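Residue numbers (the numbering used here), protein chains in the order written: chain C, 3 to 222; chain Y, 18 to 177.
Source of the hints: derived by calculation from the structure; they are not laboratory data. The model shown is predicted, which means the values in this text are computed figures rather than measured ones. Think of the CB as a built atom: it goes at the ideal place given N, C-alpha and C, for glycine as much as any other residue. There could be a bad hint or two in this list.
Footprint (simulated), chain C over chain Y, 3 or more residues, beta carbon under 8 angstroms [claimed, not checked]:
#	stretch
1	46-56
2	99-108
Straight-line C-alpha distance at most 27 angstroms; calculated DSSO-like pairs for lysine-lysine [said to hold, decoys possible]:
#	chain 1	residue 1	chain 2	residue 2
3	C	Lys28	Y	Lys166
4	C	Lys28	Y	Lys25
5	C	Lys113	C	Lys28
Label-pair ranges, simulated between beta-carbon atoms [to be verified]:
#	chain 1	residue 1	chain 2	residue 2	range
6	C	Val97	Y	Glu164	58 to 64 angstroms
7	C	Ser178	Y	Met32	52 to 58 angstroms
8	Y	Ile39	C	Arg14	55 to 61 angstroms
9	C	Thr63	Y	Val35	18 to 24 angstroms
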Amino acid sequence: MILNLVNWLDDRFGWRAIWEAIFLRKIPHVNWFYTLGSATLFLAILQGVTGILLTLYYVPTPDHAYDSVVYISTQLPAGWFIRGLHHWGASAMVVVTVAHLLRVFLYGAYKYPREATWITGVFLFLIVIGFGFTGYLLPWDQKAYWATTVGTQIAGVAPVVGDWMLRIARGGDELSAVTLARFFGTHIWVLPASLATLVFVHLYLVIRIGITAVPSREEE
Amino acid sequence: MDKSQEGKMGRRDFMKAVIAAISGVIGAAIGLPAIAYVVGPALQKETDEWIRLGSVSKVEMNIPTLFKTVIEKQTGWINAEEEFSVYVLTTNSRDFVAMSNICTHLGCKVRWIPDQDGFFCPCHNGVFAKDGSVVSGPPPRPLDRFESKVEDGILFVKRG
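Chain Y with its partners taken away, still in its complex shape (with noise of 0.2 angstroms):
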């Protein structure tokens, strides 16, 4: 170490320094590129769309009916099929409540019993009403609902 000269950078801390540095930029070339690389796919937004899923005239009055269709779906490299369910809810016959079949607690399927007029979740024993809020068991909040609309007699939902 060069102390003789008080205040001035000596020959070799000038050299640590510029290792210190070339070491930083290709740390930061690398490493920054792949945290991007890393989180990229987590940042993809799905697209909202409206699924069709079927004749209005099928759904039941006062019961909450299952619709199932099939989407397509890119994930990754991968090309597949989904089967997306909703419960459909209506009062009336003109307005109609689409509700999703997954449990708000940690996102299993619940299932509409009809003789026991509700929604059971078998993960941990969540229970909803027709209209979708809690009855009992662990479920924070009412089943997500989703926005719905009729167009010639045909049921659709935004998926988003």
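Chain C with its partners taken away, still in its complex shape (with noise of 0.2 angstroms):
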């Protein structure tokens, strides 16, 4: 009976194709390593989850995003645990996709036929850390602040469009309500719909080409 219908609904959907070459495909035998870009997944998929839920509270203006903030931390049921997951699976999901951009790199996996897959790597590389220094400013405290002075101030010393930069990034001359309102939608818009796209290209070539094996010094 729901056999029946498993086959009802692959008949129309053709999942078990994709099920099997995302799955089911060879792989060379390789070794823990290669796990290091389903960590990066797995890391993306939960500031996804815990970002969305960070959502349904926080606001992103200057008199009341610190609030919202603590009311989070403090006052919801698990709210703490929430924002925890959210704040170090940033730091670790930076950690882990340079962990695996370094062994995609020292193993020589960038190498034809994978090259397209290197630069679409690279490219979501800058976004997760576009995902940190917006996210960094959005708790709206000190350190936040601060910080987002510093870092902008970073890129307006760039030469001839430095300033241009500056002023792009806050929104004007200094920090304000303004750039709260920007780095926000740049967070859970901009970036997010960006990763998404370039994940799922990123994906698209892994799976088509297939991984490489671990380098050896013998002919194979």
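Need the complex rebuilt from these two chains, each delivered in its own frame; the hints are there to steer you.
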């Protein structure tokens, strides 16, 4: 009965072929370092879930942002847990992404025919850094405020375009309600949309081309 | 698939079971707190409190009299002031009926119109008599009443 339904659905969705392509593909005999990409994906999903939950209560305005964060951490059941996951998950995300990048680099896995996978990966890395930079401001506490003051100031010292970039990032001369709102919008819309799109391409390439074997001295 | 050993779990099935179990644990570890986190504010009950309306001498005989007061309210991360209005009716200057000004249909605010001797709701034309009973329109029940008390000539209602 249930099997009939599953088959009926598969006739229409064809999910079995997709499942097999993703999870039952042939891979070379590899080591644990090859799980770093999956770990990054897992963390990205975790950040997405906890981030969505945080937006249920967080408000990106200077007069209430900090209060809403305190409310999440101290008043809500498991609020400290959800925010804690997002906070530590963010750091873990950067660490694991860099580890994944290093593994690919040191194993020479970026070479033909995987250059496109590598390039999308580099952009994904930049997006992860962007998440970290924009997310850091959102609690709107002293650390957030001054870190973003310094961070945008650093962009400001770039030759020729520096001042222009600083003003674009801050939405004006100095940190304000405009800065907080655009960092929030970037953090929850622009970057997630870019990340999702590029992850899709990245995974498509991983599955289409297959993963590299561990490099070895001997000719194979 | 290992079909040679009937009844014994193969390596692949074992791994599948382990992965499913770990996924379940992770899902529960995030899903259950998430449910508590989402429904949390909905479970908070407002505490009962007596609200001071004002002197009973202001209540006119046989005419619903409006008392307005401002109460402090903590909603989420905002401390807001909220206007709280009550209609008070007395027929003998000793017993007071305190009625909510919230329409029992869908929660709009009703207003006492002296000329027409009734409470009128602007949203769907609900009409209540001076004692709060429904005269016409969609309201399913009379206006809600608050528990009230008089102390030293001051009228209080209990909000819960």
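Hint-by-hint comparison with the structure:
no. : hint                                   : in the structure
1   : 46-56                                  : holds (count 6)
2   : 99-108                                 : violated (count 0)
3   : Lys28/C x Lys166/Y                     : 79 angstroms, violated
4   : Lys28/C x Lys25/Y                      : 25 angstroms, holds
5   : Lys113/C x Lys28/C                     : 20 angstroms, holds
6   : Val97/C x Glu164/Y: 58 to 64 angstroms : 59 angstroms, holds
7   : Ser178/C x Met32/Y: 52 to 58 angstroms : 54 angstroms, holds
8   : Ile39/Y x Arg14/C: 55 to 61 angstroms  : 31 angstroms, violated
9   : Thr63/C x Val35/Y: 18 to 24 angstroms  : 46 angstroms, violated
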